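Novice: Hey, can you work out the whole structure from these sequences and the hints?
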Amino acid sequence: MIQDYLELLAHELSFDRSLSRRVRQEAEDHLWEAVAADPAGNMLAAQQRAIANFGDARAIAAQFAVISLARHSRRAGFAAVLVIAGVFIAMKARISWYAATQWVISDSLRAVSGLVVQIDRYAFWLSLIIGLSACVYIVSRRSPLRSIRPIAGNFAVSLCCAAPRPQPLSFR
Amino acid sequence: MQGMEGEMLKGHLDMIVLAALSAAGPAHGYAIIEEIKRRSGGAFDLPEGTIYPALHRLEQAGLLKSIWMTADSGRRRRVYTLTRGGDRALVEQRVVWKQFSDAIGGLLGGTRPRERPA
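Quick mapping for you: the protein sequence lines, in order, are chains B and U. When you read off a place in the first sequence, starting at 1, and then add 4, the result is the number in the working numbering. When you read off a place in the second sequence, starting at 1, and then add 1025, the result is the number in the working numbering.
Note that these hints are calculated values from the structure, not bench results. The model shown is predicted, which means the values in this text are computed figures rather than measured ones. Careful, some of the hints might be misleading.
[As the list claims (entries may be wrong)] Here are the simulated lysine to any residue pairs, SDA-like style, with alpha carbons at most 20 Å apart:
1. U:K1062 <-> B:G59
2. U:K1062 <-> U:H1037
3. U:K1090 <-> B:G59
Specialist: Pasting the structure below:
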């Protein structure tokens, strides 16, 4: 039963293979430890309880999907910045190479080359600004510790509306 | 109201996990859940699997670090530890929570919350 659940969880996380492997191992350890700690002697019932307490595999995978997407976005942003830096170095190297070889262009192409250089330059700086802005945006969207403040309103409302009740707070 | 309570807990899950790890020391997911249950007196009835996305998110943010270890059972398990950044984040969250709690206490109890320094 636990193996079936782990297969389902791994399948739901198949969008990220390394994440899927890691979460599967963590979940496996968790579930078997929960079974071992179950006071009832019935193995099957203990497994059912452990899985029920662990939660819906799809819901858990959905939470991981958000994290995985954010991580991949950040990686893509940093890769874009690296590519831009590489292009910049290549452009500078090309200019240095022309200077070193004393390469000259004909008079007929000189006017056109000036225009091309301008387009080249502004396109580069534009892409650099867009790339850095995207990177800053991605990094700024990280929310490692959800702040208390944004939900303070909800919390206040729930506190004010809630009558004393015996049942525990629940995610379910 | 049940959903509202769920959202309330979800919004504080990261802080709860950091606090549990701070109290328990290095621990794996199951031990963290047990620590949360023990210290909250069983008040938080959260699906246990929910802890893992939070752990991964906090690790990505640099607030936790983790290593694979082998348990006595022979199974591999991921053990999480608070980083210095995690310690600092928890201290900050405690301060914010205290201010928030004082404010709500003032509203519900009819007493004025402590004045915040300018």
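Novice: Are the hints correct? Go through all of them and say.
Specialist: Checked hints:
no.: 1; hint: U:K1062 <-> B:G59; in the structure: 16 Å, holds
no.: 2; hint: U:K1062 <-> U:H1037; in the structure: 15 Å, holds
no.: 3; hint: U:K1090 <-> B:G59; in the structure: 24 Å, violated
Violated hints amount to a single one, hint 3; each of the other numbered hints is respected by the structure.
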